[in-house]
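Engineer: So you can see what is in the structure, the chains are spelled out below.
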Amino acid sequence: MKPGLIILLSLALPAHADELLGGILKRLAEPAVVRAQFAQERRLADLTRPTMSRGRVTVSRQDGVLWQIESPVKLVLAFTPNGVIETGPEGVRRSRGQRRGALDTEVGRLMQSIVGADEESLQAAFDATAQGSPERWTIRLTPRAREMARFLREVRLGGGRHLESIEIEETSGNSTLIRMRQFAVAEKLEADELALFRLP
Amino acid sequence: MTLRTRSWLFLAALGVAAAVLAGILWRGVPLQTNVLAMLPATERDPVAEKVVASLGAAIGSRVLILFSHADEARAKAAAEHFAAVAGGAGGLRGLTVRLPEPDPKLLHNLYAASRFGLLAESDREALASGRWRARDSALQQIVSPVGGMAGLPLARDPFGFFGRWMASIIPSAGTMRLEDGYLISREGGPQGTLIRVLVLGEVDGDVYDNAVQARAIAAYDLGAQAALAAEPGTGILRTGTVFFAAAARAAAMRDMDRIALGSILGITLVMFAAFRSLRPIALGLLSAGAGVLAATLVLIVVDGELHLITLAFGASLIGEAIDYAILFCAAHLAAGNRWTPEMGVAQVRPALTVAVATSLLAYALLGLLPFPGVSQVARFALVGLAVAWLSVQWLLPGLLTRPTQRDPLAATGWAARLLERWSGVLSGKRAVVIAALALAACIPGWMALAPNDDVRLLVPRQPELARQDAAIRATTGFGAGSRFFLVRGASEEDVLLKETSLTTRLRELEQGGALSAHQAVSDFVPPRAAQEANRALVQKHVFADRAALIRTLTEVGFRPAAVKALPGEFDRESRPVTIGAWLASPLSTPFRYLWAPAGDAVPASVVTLIGERDAARVNLAAEGLDGVTLVDKAGSVSLLLGRYRAWAAPGLAAAAAMMLVVLVLRYGARASLAVLVPVLLAEALSLATFGYAGVPVTLFGVVGWTLGLGIGVNYSIFLREGVDRPGATGMAVLLSACTTLLGFGLLAFSGVPALHHFGLALATTIAGSLLFAPLSLTR
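Those protein sequence lines, which keep their order, are chains A and B. Numbers in my numbering are just positions in the first sequence, counted from 1, shifted up by 582. Numbers in my numbering are just positions in the second sequence, counted from 1, shifted up by 2.
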């Protein structure tokens, strides 16, 4: 085989998968705060039709993920490494877990690592494979620990400069598709956003 | 009976005692290292005392070992290697690296039939407030990206009540999470992320048993070596009562070795320098040895075991017991060729008897203190000194029949001259001035005295182990302190109800940060009344209009078939979860010790506290709650130590008064005061030393002062009784003080705070008594 052909072949091969994954996650982690609009479609086994919901999502590297649902019901979920804090339609707040419930702590971490595309916690919790190019990619995540594998089958992420889609498949047959758009990057959270991360 | 036969009989008795003791020790040294065992029962309430013991056993046998490595697979492998090797070695049992996969059915079996009566705090409040809306609540579950993800299917728990309750009872494990059965934490550090894997286990047996301790430590060491050999660079942290107890034992043994060796070497040197012969040393050690042997044997037979403090103290008792033999040998040296053993005994008997009488009196006073440990020390001294005293009269004379070859004047003249010169300095007006100046110099020291009754002074926590313990607590959130709440009631239900009034307050403290968490049975099994009240709330706000409920659920999208069964389930699944069912479920295993800690006959439970940061506020949590008491063993023991310490001044005065009675009988009123003054001055100086050195006044220092009073007065007695033989008595007093300082005084360097305080108090008192002893010759 001629050397030129080898060079040609190696150029044709996609970038090494680990490098691609690392590159994508590093790039996603660059902004301190990212805000976007989301539209979510949940398909639940016990429901006759998919349920649509819309709202705003704010990802802060430092504090976690703020999930502000605006329709069909108002609800704010703050996913932090320590759990989930809910703020209801009338400002009624409740901390799920935090100091105590380890289960909610898990869910909080899970959402923070998925929506926040946090490299370290994603790599710890999932076997991840990336495909595509740094400009247009998909990442497939399968849970590593049996505790999570019991309810979560697979998560697929897609995007380019930002994380644009999340597909969650649960073992129960439920699935969730989230699309995000209108991204805006910021240096830090606003005070009212920060307050939603604080315990009631 | 001749002198020789009596000596041989005494020796034969010692031989038999030694053989018996050897026989007992052959089966293992009955050495008690549990410091709490030397303390009295503090709780007036026997139930609380019993619970302290049962909880101590339940928590005390645990070991936690944390393996850390930058590489996850290596950290796990190190933990596995450890568990395999240490588990195989015996001594540690139940070493768990990977928890078995929990059976999801267990939760279902225990709680499903009771689920409509189980509500998280926030849901109960929402329902009771009347602001709860079925439609919003169901929608929130559906649109939340994680709604219904882990737990029951949405159609069976459409509002998430049961899911939230379940989440509230799963105990958190600090920063640790369960991954594939491993308890793991990941923490970023300067060298990147560190993976920590926790191994749980138990000591196989009583952690305060020597053999059990040795086996457990050996198993740990083997396992840790294997883990390090397999995965070099692994960090290993450990904690558990067994490690602290073993370290304390090792430290006490080291102290004892060092102090005993230092005593014997120093005493031998001093004695050889004075007597130029090995015989007095041999006789002295024989006499002291007889005392220690008899005391050890008697206490092991009577008490069944020796406390390590008694043992360390016993090693230093050599210092006082040897004084009696020294007095005898000094008389021998001073008598020159006129010596007969009968004459020697006659010469020293009065001084010895007054000395023993005052010492025994001081020790007997100590023996009255209701601390099992202190009382054992006192009884050890009583037996040891009595036997040493007997040995000087019955054993030594037969072994020291021939007169000395040395010129008595040359051999003891130096002591006579020294005594004369020192008496000269300390006489008349000058003595009064010196004493007054010494006392004046003491005043700032006295002002600086500060008491400390913290019982933790008794337990020398090895700093490295304490550091590892703190690191493991920080990572795992495990590790209950010694304080807990005891809840008692008329019945099971009553106990649970009282517990919930307590846990409501504790939760407020947790929100405020005064406490990290608590463990209580009522969190797993709410009182029946609470479950029924919850069910009534759910009935009123959720299931009152069933048609409307089904309509709302189908409107938000549920398939009618999926939610149709819900009202039926509510009706059927109405059985409250009970203590019996919880105890029968494997889920309760880690928490079972919380329930009925004083036996099944006493309805009671324990609420343990994790991560107390504001003890004063936690103390108030039981205020006004009937049947709830805070049990704080360490706290109440500290309080007790303080109470006894507070009795120190009157106690010392009483001891001095008792001595004065003996002295007055012998010397008359005026002269007996002169005999007592030197030791009283010494005590005053010793107290000031504590103040200047910043050493806290503890009960153990007080014990040292009490003993110092007994020993220090001996020097004055010896001088007074031997006033016509200044060479022999001067030498005996000097040697006695040196040997006592070498014996007890070395305890001042002990790493065990209690022994350190004891040794320092005694050494300074002895030194002062020696310096001021010639004052007793003042007429």
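Some hints here could point you the wrong way.
What the hints assert, rightly or not - Simulated coverage check for chain A against chain B, where a stretch passes if three residues somewhere in it have a Cβ under 8 Å from a Cβ of chain B:
1. 605-616
2. 736-746
3. 755-766
As the list claims (entries may be wrong) - Some residues of chain B that are not near chain A, with every Cβ distance over 12 Å (derived):
4. Ser-139
5. Gly-150
6. Leu-180
7. Leu-420
8. Pro-562
9. Ala-586
Honestly, the hints are just simulated from the structure, not real lab data. Beta carbons: idealized from backbone N, C-alpha and C, even for Gly.
Engineer: Taking the hints in turn, state whether each one holds.
Structural biologist: Now the hints, each set against the structure:
no., hint, verdict
1, 605-616, "violated (count 0)"
2, 736-746, "violated (count 0)"
3, 755-766, "holds (count 3)"
4, Ser-139, "violated (9 Å)"
5, Gly-150, "violated (7 Å)"
6, Leu-180, "violated (5 Å)"
7, Leu-420, "holds (72 Å)"
8, Pro-562, "violated (9 Å)"
9, Ala-586, "holds (23 Å)"
The structure shown violates the earlier hints numbered 1, 2, 4, 5, 6, 8.
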